[in-house]
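Q: Sequence lines, in order, name chains A and B.
For the first sequence, the working numbering assigns the number 1 to the initial residue and increments by one for each residue that follows.
For the second sequence, the working numbering assigns the number 1001 to the initial residue and increments by one for each residue that follows.
What the hints contain is simulated information worked out from the structure, not anything from laboratory work.
Accuracy of the hints is not assured; some may be wrong.
[Stated by the list, open to error] Just some of the chain A residues that point at chain B, by a computed CB distance under 10 Å:
no.	residue
1	VAL33
2	VAL34
3	ILE35
4	ASP36
5	PHE37
6	PRO38
7	SER39
8	VAL40
9	LYS41
10	LEU42
11	LEU43
12	ARG53
13	ARG54
14	GLN55
Beta carbons are placed, not taken as given, at the ideal position from N, Cα and C, and that holds for glycine.
Listed here are the chains, written in short residue letters.
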Amino acid sequence: MFGVSFLSPLFLIGALAAAVPILLHLFHRKTDVVIDFPSVKLLTRAPVQNHRRRQLRELVLLALRVAALVLLAVSFARPYVAGAVAPASAPVTVIALDTSMSLSAPGQFARAQQAAQQAVDSAPASNAVSLITFADTAIVAVPPTGDRRAVRAAIAAASAGAGGTRYRTALARASEVIGAREGRVAIVTDLQQAGWEANDDGGLPDGVEVQVVTVGGPVGNLAVTSAARRGGIVTATVQNYGPGETQVAARLLVDGKELARTTAAMAPFAAADIELRGGFANAGVAQVVIDDAAGYQADNVRYVALDPAPAVSIAALVADPTGATGGIYLERALSVAGDGREFAVTVADGRVFSKWTAAEMSRHAALVVLGTRTLDRNGRELVKSYLAGGGQVLLTLGPEVDPGTLGDVIGAELGVIPAPVRTAGATLVASDSRHPIFRPFLIPSGALGDIQVDQRRRLKEQDGRTVLARLSGGDAALTEQMVGEGRLLVFTSDLDNQWSRFPLHPSFVPFAVETARYLTHGRVQRREWTLPDVPAGAPPAPGVVIAGDGAAARRMVVNVDTRESNPAATTVDEFTNGIARTNRSDQVAPANVAREVEDQQRWWQVGLLVMLVALAGEALVGRRAA
Amino acid sequence: MGEAKFLDPAIVARLGTIDLKARTIVEGFLTGLHRSPYKGFSVEFAEYRQYLPGDDLATLDWKVYARSDRHFVKKYEEETNLACHLLLDVSASMGYGSGGITKLQYGSYLAGALAYLMNRQRDAFGLIAFDERISTLVPASARTGHLRAVLLALERLKLGARTNVAKPLHDLAAAVRKRGLVVLVSDLLDDPATVLEGLKHFRYRGTDVVVFHILDPYELAFPFEQSARFRDMETADEVMAVPSVVRQDYIDRMQAMIAHYRRELSLVGIDYCLLETSQPLEHGLMAYLMTRRRMP
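All chains, please: the whole structure from these sequences, using the hints.
A: So, in structure tokens, the structure goes:
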């Protein structure tokens, strides 16, 4: 029943390479000089190497070399114990065991395990049995097998985690396991309502019987659904998903030390904000912990990152930082965002800017060009390469910008008519008020209309250029276009209070901030994650994740998805009706199951490890033989 | 006596039958010997034949004439109370030869030449060829035609297996009852203790012994250059050796073995003669005659 199969058996041809050392060995043997000599016994006691020992050593070397080559070929062929997988034609019963957070109430998962064991026992004797554990993802814990003890052992080893419920993912996995054979699915779950919410795909083939084994959840559950810091206060929102009134005790912990504790009364099916005051630093991770012994455990803790988010760096290129055209209005406007911590503006004139390297430039999330008068050739090339390489640039067309060199600066012909156009009192109108830059101006509507622009430059119409805002009269005021890999916004007047009084207008700050946010979107380092999203390389579990080393290290927090905290369940009928049925011809080939089995067993890694040991041994023996 | 006057064993090997070889060696040797200080060894003739015209009248036996009225010539004859036993080692190791001649060939020619010489001296002689057991036995005799039998036996010798010098020596020592001479021709690649024990057995019984230790020049100098597996010709044991590394040690061991034989044999009055297969066979004859001369 058990046998070794291979995912890529063609690689086994590589094992023929093992013939090379054998042939070399045989060839070497043939060419060995043998001299018949009568007085060999006088040589035996001389300090020479005994031939038989050498012969044995050569055989060991040969065996090690052949083993290394064969192991290499076998490892590349991706072996797996196929006996663990029942024949593709055998009917299969798939036990789908829910391991989501909504099974984590005290004693609940033990009941789920018991129900799963019973499902194994009740599977028809002719059926192979497979186990899938599922939450946000579904894992084939045991591929179809006749070894039911292995399935029982896997059930006993399973545990409920902090993930959400995704039925469609589980059904898709079960469908892959069943493949083209006859099958039935016994799904052991609490019928968590949120399980159908995820917008993923998955169903079962026609004719696959579904048995729903329900594991009852707690009557109620308390969960910390959010927590945020405001100064010295952490405000946590606690939700009571139960039908009864209750008291909840909440604690604030920072680095394991309790800083605050409070109690709040919770109405049935209601939420309450709890303020926890504590003198804590701007570093570390705070935890809001509530006591809820009867409910789900993973949502009793909420992590809050206390480290301030690192400011997003923006470079402002000006003609003269000491003069009136020094970008002071832009710098001040951006300095108010995020309590003054959101942006860090670096102002540089053309002479300084031209000395920057591409690496220095790449550290800035965006570049605002307010003046090009002092920019030399190096500086122009730097702007051009920054933009072409994916940089975000806001170009203003004020008096300090030389339209004649703009093609060199941007790396693309912009179609700017150099002569400024004087239109006293022209006002701004957003082409699409839903654009992220203009969203703050939706209410009160018409706020942009108070902005007056006295002079500007005209832009010719171009393909690929989107006009985000116009001036009264119809000329473009703000445009957007892609240049290379980067994005270029062009403001046709200036932002230094020379051609317009826009920088003095109250709308300038939100305009500058939203424009900066729009340009730097994606460059903000995310500090808080919600399962199943986690930072790259982090385990899918709530807690603190530290990225980077030393001074560059930063803490991030991962919290549970609180949709899973609601113990409300659907009914069996609703559940079965929610299962999409697919045509059998669309089923995934059993090869996927084999691949998964191989993925779990990973014998190729063992093979490569043994191959390395064989090579090390060969080197050792070879060195002694030399 | 210069080496140039002697025959190169390789040239002897190219001569026809062993009969011719033996005669060539001995006649040449004896021709040279007339001018040597070794002439005059004792031989007496006692043979009668009919007088033929031209025979020396001094050789006429008048007593026979008086009794039979016929003329008989009295020829000299040796007192044939000396039995010579030629013991020739034919073990596999004797098959080694780095040049144009193997140790067995060399030993055969030597034995043949000695037989020829003994025949001329009217000594009784016999041949025993052995490896780990006696493979050829020609009993000692002084009969006419015995030389041919011995030479024929020598010609038909084949290489045997492992050496066991001691056993045939003990067997022969037990069988020899009267005064005699044992000539051992061997490479002595056996346990020296057992070889010496066998040879001493003869001496205890009053038999004179001369040992011809036959070795190939390569066995003495080990001039190999290339690393190789050296396979023992008798046991087939193999030893991988780098000649440049083991040469001196090997030579030391070989010389120690030779010195050991020479010393131990000398102590019991056994003549020992080391012969390289590149040396003229006359050296062996000379050694034999030296031994024979001391005998009564």
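Q: Determine for every hint whether it applies to the structure shown.
A: Comparing the hints with the structure gives:
Among the interface hints, the one on A:VAL33 holds; its C-beta lies about 4 Å from the nearest C-beta in chain B, closer than the 10 Å criterion. Interface restraint check for A:VAL34: the shortest CB-CB distance to chain B comes to about 5 Å, inside 10 Å, so the restraint holds. Taking 10 Å as the C-beta contact cut-off toward chain B, the hint placing A:ILE35 at the interface holds, the least distance being around 5 Å. Because the closest C-beta pair between A:ASP36 and chain B is about 5 Å apart, less than 10 Å, the hint holds.
The beta carbon of A:PHE37 comes within 5 Å of a beta carbon in chain B, closer than 10 Å, and the hint placing it at the interface holds. With a least beta-carbon distance of about 4 Å to chain B, the hint placing A:PRO38 at the interface is held under the 10 Å criterion. For A:SER39, the suggested interface contact is upheld, since its CB lies about 5 Å from the closest CB of chain B, less than 10 Å. At a threshold of 10 Å, the smallest CB-CB gap from A:VAL40 to chain B is about 4 Å, leaving the interface hint in force.
Annotation: A:LYS41 was flagged as interfacial toward chain B, and the flag holds, the nearest CB pair being 7 Å apart, inside 10 Å. The beta carbon of A:LEU42 is positioned within 10 Å of a beta carbon in chain B (closest approach about 5 Å), and the interface hint is therefore held. Contact between A:LEU43 and chain B, as hinted, is supported at the beta carbon level, the nearest pair being about 5 Å apart and thus within 10 Å. With a cut of 10 Å, the hint placing A:ARG53 at the interface with chain B holds, because the nearest CB-to-CB distance is about 9 Å.
A cut of 10 Å between beta carbons decides the hint on A:ARG54: the least distance to chain B is about 5 Å, and the hint holds. The criterion of a C-beta within 10 Å of any C-beta in chain B is met by A:GLN55, whose closest approach is roughly 8 Å, and the hint holds.
In this structure, every one of the numbered hints holds.
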